[in-house]
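*Asks:* Working from the sequences, and respecting the hints, build out all of it.
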Amino acid sequence: MSPILEIRGLSKQFGGVTALSGVDLAIEEGEILGVVGPNGSGKTTLFNVVTGVHKPSGGSVSFRGHDITGLAPHAISRAGIGYTFQQAMAFAGLCVLENVQIAGEHVRVNAGAGQPWSTPQALLDFVGLAALADERAGVLPFGSLRLLGLALALATQPALLLLDEPAAGLNDRETAALVGLVRQLPGHGITVCVIDHDMKLMQMLCRRLAVLDFGSKIADGPTGAVLADPKVLEVYLGGDL
Amino acid sequence: MIAGAQPNGPANAALRSLLPVLAVLVLIALVPLLSPSNRFLSLAISAGINVIALYGLSVLFGQTGILSMGHAALVGVGAYTAAILSRDYGIGFWLALPAAALASAVFAMIVGIPSLRVGGHHFVIMTFAFGQLLAIVLTNGGDYTGAATGLDLTGPVTLFGADMSDLTRYYLMVVAFVAAAAVASWAIINSPYGRTLRAIRENERLAASLGINVGRHKIGAFVVSGVFAGISGVLLAHFLGHISPTQFASFPSIYLALMVMIGGARLISGPLAGGILVAFLPEVLNLDPVQSRIVYGACLIAVILLLPEGLIAGAVQAFRRLLARKPKQEREDPDTTCTTPSEARR
Ligand SMILES: Nc1ncnc2c1ncn2[C@@H]1O[C@H](COP(=O)(O)OP(=O)(O)O)[C@@H](O)[C@H]1O
Ligand SMILES: [Mg+2]
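As given, the protein sequences belong to chains A and B, one line each in that order.
Under the UniProt record's numbering, the letters of the first sequence match residues 1 to 241, in that order.
Under the UniProt record's numbering, the letters of the second sequence match residues 1 to 346, in that order.
Check the hints yourself; a few may be wrong.
These stretches of chain A come out as covered by chain B in the derived footprint (C-beta under 8 Å, 3 or more residues) [claimed, not checked]:
no. : stretch
1   : 95 to 104
2   : 147 to 159
Incomplete in silico selection of chain A near chain B, CB under 8 Å [stated by the list, open to error]:
no. : residue
3   : Pro73
4   : Ser77
5   : Met89
6   : Val107
Worth flagging that the hints you see were computed from the coordinates, not collected in a lab.
Note that this is a predicted model, so its numbers are computed, not measured.
Note that CB positions come from ideal geometry on N, CA and C, so glycine has one too.
*Replies:* Structure, rendered in structure tokens:
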């Protein structure tokens, strides 16, 4: 089966800083792929370039066989790629339910048919925020805000979901809840690619890991093998592994 | 698509925000029974014409979060369209309405284009410059725009054969237009389109990541506000019978922005309250023009600092606090709530 997302030779420079240099990465339909790497290794930039937030300096991205390189963020979303930001965010001045309504109103293709949430309320139920539907998003505790961010991305009915450090700032209980949710996604037709540097979390979620270091991919393979790779160990030596 | 599967509960809550406005307008329509002075009627007509433009400005500023300090220029485009159509083609009030709405919408689109690249204060200054620029163009337009003297409008406004130029009739017609503007603005605010605009106001980046074409909808909000401005301009031109460039330069624009801020841009009652207050305050307090400018300046600063949601929202909050002794609610859109009715109007 051909990959759902194929990244070829992707590069991004910010002025003199090389954030990505020639990254190749294929995400297979139905998997949960982890992308790890030290701070500043280019993980967020990788997502930003794929989702159209930044234009790449070189290389290409194709989604389900269509070239999507350099498309605008709203077009990428409509093509079926959902994205949650490293900084948890929602429409702070609007209530939780309205947040999710908005997110579901600009879907073009029904990329992820067969998802179990047909209404905003059902989606809030799925992520466990139904009780907070009438609250203003701006007053949510941080853990709930993260879940709302996930709900917003899911409301766009993505076929591929990119999660940038979804567990950052969450306590153990909240992290466990998040893991439980993310694990269900492939069963609903959603392929997941998740960034985090918490290796325990990644081992729970991902059967395959890709490792970035200084903007280059230095390892890619089954989680166990990647974590035993001397190159990877060196990068993380004394680091946050 | 995830359906906005909502029973009529929230729709009722939304309707409840419109009804007080319509009720007030009905009372306002009854004022002629008290045989008010011509001066009062003229002042009220001017205020009502402003309120129509304010309902458009509230979509742009209140919902989309874009402040324009050049809005009077768009009213001017409507007014000059009406005057030129009347002079050159003998086109009267009713046909001028759609033509002016279109012309102002096109100009609004042009004003809006820089908002795609420039944000915040820089954009506010650009809209300000646009207002000044239009005044300069009109002043230097020779005979076509009547230069600094401006243009006269002849020809009565008629409705079903009745002459509407009579002050009381024109007053009633303006009240009807205000009601239509309020309903149109309310319908926009409570539609999925209104939600989209609010999403852009709250967080452009997030909005884009959810499939919202931020640029197109920003321009769209300008176009909507332009339509209101154009209609307001036609009513103004035919009311005054004479228009000139200074009426549409920067200061009138600042006044419009002031009115919408004082009333509260996010509330459906805000434009009405702001327009009436700013028009009648100097009259009530018996202020001369210089004094009234000082009072407005002070009001604006006070409102921005103390009541960022505007006077009405501030009053409602104070009232609720008094009743319920509840802690102060943080920013919310009282008219656009998506909650259950009890939550919405507590
Ligand atoms: N918008 C930007 N402008 C300039 N430099 C940036 C920008 N975004 C990221 N960078 C730089 O690119 C590098 C990679 O950053 P990032 O992708 O955020 O890393 P990570 O997510 O792996 O921590 C860093 O050196 C960072 O400073
Ligand atoms: Mg990052």
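*Asks:* All hints, please: hold or fail.
*Replies:* Structure-based check of all given hints:
Here the stretch 95 to 104 of chain A counts 8 residues with a CB under 8 Å from a CB of chain B, which clears the bar of 3, and the coverage holds. Figure legend: the stretch 147 to 159 of chain A, annotated as covered by chain B; annotation consistent (5 residues with Cβ-Cβ distances under 8 Å, at least 3 required). Because the smallest distance between the Cβ of A:Pro73 and any Cβ of chain B comes to about 4 Å, under 8 Å, the interface hint for this residue holds. The beta carbon of A:Ser77 is positioned within 8 Å of a beta carbon in chain B (closest approach about 4 Å), and the interface hint is therefore held.
Evaluation of the A:Met89 hint against chain B yields a held restraint, the C-beta minimum of about 5 Å falling below 8 Å. Given the 8 Å rule on beta carbons, the hint for A:Val107 holds: about 6 Å separates it from the nearest Cβ of chain B.
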